[in-house]
Amino acid sequence: MPAPDPIPGIRTKDRPLRSLLLTLPLGLILALLLSGGANVFSDPARRFAYASVWVLDVSLFFLMLYKGRTDRYRAVLFILFAAALSFTFIVHMSEMRGRMGFTNSDILQCKIPFCHIVTTMILIPMALSRSIIFPGSIEGGFANISSMLVIVGGGLLLLGRGFCSWGCFYGGWDDGFSRLRKRAVWKKPPGYLRWGGFAVLLLVALSSAATLVPTYCDWVCPFKAVTEYQAVTDFGSLARFLIFISLFLGLVVVLPLLTKKRTQCAWFCPMGALCSLSNAVSLHDIRIDTERCLSCGKCIKACPVGALDAESLKSGKAGINCTKCGKCADVCPRGAIGYHLRFSAVLKHPTTQRTLFLYAAFTFLAVFSGGTLQQMVLMLLSLATGGGLSS
Amino acid sequence: MKTTFFMRRLASSLVYPVGLVYVLAIAALFPSIGLLSHELAQMPFMRIHPRYSGGQVVETIRTDGVEWRVHRPVFDGLMRERGHGFIQIDALCETPPPSGAGIAPDCDGDGRPDFRLVLPAAASEAPKLVPLSPLVTGLESWADTGEGWIARVGLDRK
Amino acid sequence: MPVVNTYLLGLSVGGGCLAQCGPALLPILLCEDRRRWKLAAAFLTSRLFGYSAVALLLFLLGRATGLAEAFGRSSLPAGLVLLLLGASLVRHSLNVKKRVCGKADGPAPGAAKAFGRFRDDALLFACRAGFLTALGFCAPMLAFATEALTRNSPVQALLSLAGFFLGTTTVLLPLFIGGFACKGSAVRQIGFLCGLLAGALYLFQGSFIMITEVFHACS
Numbered sequence: 001m002p003a004p005d006p007i008p009g010i011r012t013k014d015r016p017l018r019s020l021l022l023t024l025p026l027g028l029i030l031a032l033l034l035s036g037g038a039n040v041f042s043d044p045a046r047r048f049a050y051a052s053v054w055v056l057d058v059s060l061f062f063l064m065l066y067k068g069r070t071d072r073y074r075a076v077l078f079i080l081f082a083a084a085l086s087f088t089f090i091v092h093m094s095e096m097r098g099r100m101g102f103t104n105s106d107i108l109q110c111k112i113p114f115c116h117i118v119t120t121m122i123l124i125p126m127a128l129s130r131s132i133i134f135p136g137s138i139e140g141g142f143a144n145i146s147s148m149l150v151i152v153g154g155g156l157l158l159l160g161r162g163f164c165s166w167g168c169f170y171g172g173w174d175d176g177f178s179r180l181r182k183r184a185v186w187k188k189p190p191g192y193l194r195w196g197g198f199a200v201l202l203l204v205a206l207s208s209a210a211t212l213v214p215t216y217c218d219w220v221c222p223f224k225a226v227t228e229y230q231a232v233t234d235f236g237s238l239a240r241f242l243i244f245i246s247l248f249l250g251l252v253v254v255l256p257l258l259t260k261k262r263t264q265c266a267w268f269c270p271m272g273a274l275c276s277l278s279n280a281v282s283l284h285d286i287r288i289d290t291e292r293c294l295s296c297g298k299c300i301k302a303c304p305v306g307a308l309d310a311e312s313l314k315s316g317k318a319g320i321n322c323t324k325c326g327k328c329a330d331v332c333p334r335g336a337i338g339y340h341l342r343f344s345a346v347l348k349h350p351t352t353q354r355t356l357f358l359y360a361a362f363t364f365l366a367v368f369s370g371g372t373l374q375q376m377v378l379m380l381l382s383l384a385t386g387g388g389l390s391s
Numbered sequence: 001m002k003t004t005f006f007m008r009r010l011a012s013s014l015v016y017p018v019g020l021v022y023v024l025a026i027a028a029l030f031p032s033i034g035l036l037s038h039e040l041a042q043m044p045f046m047r048i049h050p051r052y053s054g055g056q057v058v059e060t061i062r063t064d065g066v067e068w069r070v071h072r073p074v075f076d077g078l079m080r081e082r083g084h085g086f087i088q089i090d091a092l093c094e095t096p097p098p099s100g101a102g103i104a105p106d107c108d109g110d111g112r113p114d115f116r117l118v119l120p121a122a123a124s125e126a127p128k129l130v131p132l133s134p135l136v137t138g139l140e141s142w143a144d145t146g147e148g149w150i151a152r153v154g155l156d157r158k
Numbered sequence: 001m002p003v004v005n006t007y008l009l010g011l012s013v014g015g016g017c018l019a020q021c022g023p024a025l026l027p028i029l030l031c032e033d034r035r036r037w038k039l040a041a042a043f044l045t046s047r048l049f050g051y052s053a054v055a056l057l058l059f060l061l062g063r064a065t066g067l068a069e070a071f072g073r074s075s076l077p078a079g080l081v082l083l084l085l086g087a088s089l090v091r092h093s094l095n096v097k098k099r100v101c102g103k104a105d106g107p108a109p110g111a112a113k114a115f116g117r118f119r120d121d122a123l124l125f126a127c128r129a130g131f132l133t134a135l136g137f138c139a140p141m142l143a144f145a146t147e148a149l150t151r152n153s154p155v156q157a158l159l160s161l162a163g164f165f166l167g168t169t170t171v172l173l174p175l176f177i178g179g180f181a182c183k184g185s186a187v188r189q190i191g192f193l194c195g196l197l198a199g200a201l202y203l204f205q206g207s208f209i210m211i212t213e214v215f216h217a218c219s
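Residue numbers (this note's numbering), protein chains in the order written: chain A, 1 to 391; chain B, 1 to 158; chain C, 1 to 219.
A portion of the hints provided could be inaccurate.
Claimed, not checked - Mimicking EDC-like on lysine to aspartate or glutamate, the simulated pairs with C-alpha atoms at most 20 Å apart in a straight line are: (1) Lys-183/C - Glu-311/A; (2) Lys-128/B - Asp-110/B; (3) Lys-97/C - Asp-33/C; (4) Lys-67/A - Asp-43/A; (5) Lys-317/A - Asp-289/A; (6) Lys-111/A - Glu-147/B; (7) Lys-158/B - Asp-110/B; (8) Lys-98/C - Asp-121/C; (9) Lys-158/B - Asp-106/B; (10) Lys-111/A - Asp-144/B; (11) Lys-111/A - Asp-110/B.
To be verified - Facing chain C, from chain B, some residues (calculated, C-beta under 8 Å): (12) Arg-47; (13) Leu-78; (14) Gly-83; (15) Arg-112.
Because the hints were derived from the structure by calculation, they are not lab data.
Just so you know, even glycine gets a beta-carbon here, dropped at the ideal spot from N, CA and C.
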């Protein structure tokens with residue numbers, strides 16, 4: 001029998017004043033952190049970009065508390081982040097290199113930006129050869145390795161696989177496409193596909209360690225379609241180009257449209273599989289009150305990564321691949337699913353536990369995306385005022 | 001391990017302050033990225049593998065308006081050296097380079113040059129490689145950097 | 001070449017073996033909860049047999065017309081082997097799919113029958129995969145085999161080959177250890193998906209090599 005929860009719940013749903021009061025501390029935190037240490041009041045454009053991003057973030061958080069729904073408001077910021085990152089990245093690369101494709105010169109001079117998915121391929125070589133098998137820069141420069149590793153490490157420790165719904169700047173793509181249709185065409189994809197990311201993780205970790213090449217990046221990463229890729233100069237690079245374009249169209253656009261699931265994140269991403277392992281030690285998780293649960297299956301249908309099944313409803317726990325997006329809790333008609341703090345009573349005070357999680361996760365998402373969103377606003381303002389796309 | 005009611009109550013009380021600490025930790029993470037990443041960069045495993053960085057520069061030669069940087073031969077594998085590797089030569093100069101500018105390094109320390117590398121006449125052309133030893137397998141990759149060239153010459157281990 | 005030297009040579013080229021042979025080994029180890037030792041032994045035995053077959057072939061070619069080097073330079077045999085291996089992996093994965101992805105605790109519909117040990121798909125596949133991975137015709141192995149067989153006595157050559165085989169097998173040890181340690185329905189499903197993905201990978205690699213070889217031959 002679990003011990004009684006000592007702290008009373010804080011209900012915010014349909015209570016505007018309470019929601020506003022709880023939003024204010026977050027607003028203050030974001031006001032301090034969104035500037036990134038720069039003087040954002042130096043010119044009107046920067047002021048506008050900063051203010052608009054702050055207003056967006058604070059409004060979304062307020063709505064999360066006031067409406068009692070998590071996923072739809074999280075998704076707004078998450079999808080905007082993905083779109084903004086691709087937009088600013090492509091503009092940045094075009095300014096730096098004059099093209100989206102990188103060449104031998106960029107590789108030989110170690111000027112390739114580092115992204116978090118590479119982490120899965122460098123861990124074994126890092127442990128055995130005490131070096132990083134990636135042509136990037138350790139410190140300084142755009143998207144350097146040590147900064148990205150700090151962010152990823154922090155995200156994994158503090159959010160577990162929640163990083164996939166509250167941090168990853170690629171996930172917004174398939175999350176966005178999965179919401180375009182009202183009904184799924186392919187209603188029941190096979191359950192075993194949720195382990196696809198683990199199979200990919202095994203294969204790329206093995207092949208990268210053996211060949212000393214980050215094989216996922218080199219050959220199959222679908223997100224090269226929206227960031228950068230190796231310039232097509234021969235048959236090999238053409239084959240790579242066709243592979244990643246096909247995978248982007250298939251896993252990020254078409255399958256999410258057909259299944260209303262995040263198919264790239266759930267079925268193919270090795271980083272998602274690695275993040276799942278950190279779920280085992282994460283402070284927050286998703287739990288189901290088995291006494292209240294009707295076993296209607298709405299949560300199973302709604303889960304975008306297939307973390308819930310009949311077993312989960314019986315055991316009261318979401319699967320190891322749960323990304324803590326909150327969609328299951330939003331659709332549950334009995335309020336039987338919610339965020340939970342490890343060691344505390346299951347759903348005894350769900351709103352308090354949810355609020356604590358939202359504070360952590362939303363702060364991470366808002367600050368991580370803040371710089372990119374402000375940059376995009378500046379670029380669009382510059383474009384609108386006839387100054388081109390430079391920020 | 002059997003937990004007593006008291007321990008469970010203690011754990012369920014402590015978890016809320018820990019939850020708050022998580023929020024503060026996330027809030028503190030981003031302003032500290034500069035410091036944390038700098039500390040992380042000092043760790044011994046935070047270096048680029050020589051197969052990508054080209055290895056340390058062992059010799060710098062200035063001739064005919066070209067600064068040549070010769071790196072050490074790289075055979076590094078995962079845990080052991082591999083049978084095949086390369087040697088990287090960086091050439092910093094203005095383009096077009098001085099006509100016929102070249103270098104003939106000794107890779108295996110036997111006192112004899114193992115290959116001759118000659119810079120091309122124009123940018124976007126590959127440097128010319130003349131192997132002088134059976135250990136040299138060919139020009140593996142090259143790039144015009146805008147400030148000169150980088151060339152990697154394939155080598156087999158003795 | 002002393003056995004120790006060839007063992008160390010096998011270790012130094014083992015990275016390539018791990019990348020090339022590891023994906024074929026993973027489904028063997030992960031899809032089955034029982035008989036893993038038997039399947040691993042079948043894989044290794046047929047791999048050694050494959051190595052010996054390649055070494056013998058090169059020896060005969062070398063003695064006949066000195067074709068061994070020319071054979072080693074062409075990637076066509078490697079491409080063909082990869083296509084066969086890929087097709088074999090995909091077929092095996094589809095064979096085990098119902099058992100692995102259906103009811104995990106139910107009886108295996110393809111279980112070995114008392115009179116037909118050789119009808120056992122998993123065992124046959126392990127033998128086929130081991131043999132085909134040895135026929136990979138990777139450059140270090142070819143160079144080693146040519147050297148060993150054209151210069152040494154047959155007994156010395158076989159001993160050298162055994163040393164090389166042990167060296168490359170040592171690199172695969174972590175896979176064996178990890179594979180034996182992991183069990184459960186999730187692990188079996190991951191093994192099944194590894195088989196499918198690895199099969200697709202080999203099919204792609206094989207096709208890529210064949211197309212490139214044909215292109216070079218024509219140009």
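Discussion item. Lys-67/A and Asp-43/A were given as a pair; does the straight-line alpha-carbon distance stay at or below 20 Å?
Written reply: Judged against 20 Å, a Cα distance of about 36 Å means the pair is violated.
Discussion item. Does Asp-110/B sit within 20 Å of Lys-111/A, going by the straight-line distance between their CA atoms?
Written reply: With Cα atoms ~35 Å apart, Lys-111/A and Asp-110/B exceed 20 Å; violated.
Discussion item. Please check whether Arg-112/B passes as an interface residue: C-beta within 8 Å of a C-beta belonging to chain C.
Written reply: 25 Å, violated
Discussion item. Given Arg-47/B as an interface hint, is its Cβ closer than 8 Å to any Cβ of chain C?
Written reply: 20 Å, violated
Worksheet item: Does the interface hint hold: is Gly-83/B within less than 8 Å of chain C, judged Cβ to Cβ?
Response: 6 Å, holds
Worksheet item: Is the straight-line distance between the alpha-carbon of Lys-158/B and that of Asp-106/B 20 Å or less?
Response: Holds, at roughly 13 Å.
Worksheet item: Has the given pair, Lys-317/A with Asp-289/A, been kept, meaning a C-alpha gap of at most 20 Å?
Response: Within the cut-off at roughly 9 Å; holds.
Practice prompt. Could you grab the alpha-carbon distance between Lys-128/B and Asp-110/B and see if it respects the 20 Å cut-off?
Written response: 23 Å, violated
Fill in: Pair hint Lys-158/B and Asp-110/B, alpha-carbon separation not exceeding 20 Å
This hinted pair holds, its Cα atoms lying about 11 Å apart.
Worksheet item: Is Lys-111/A close enough to Glu-147/B, meaning Cα to Cα at most 20 Å?
Response: 15 Å, holds
Fill in: Interface hint for Leu-78/B, Cβ within 8 Å of any Cβ on chain C
5 Å, holds
Fill in: Pair hint outcome, Lys-111/A versus Asp-144/B [Cα-Cα no greater than 20 Å]
14 Å, holds
Checked against the numbered hints given earlier, this structure breaks hints 2, 4, 11, 12 and 15; the rest are met.
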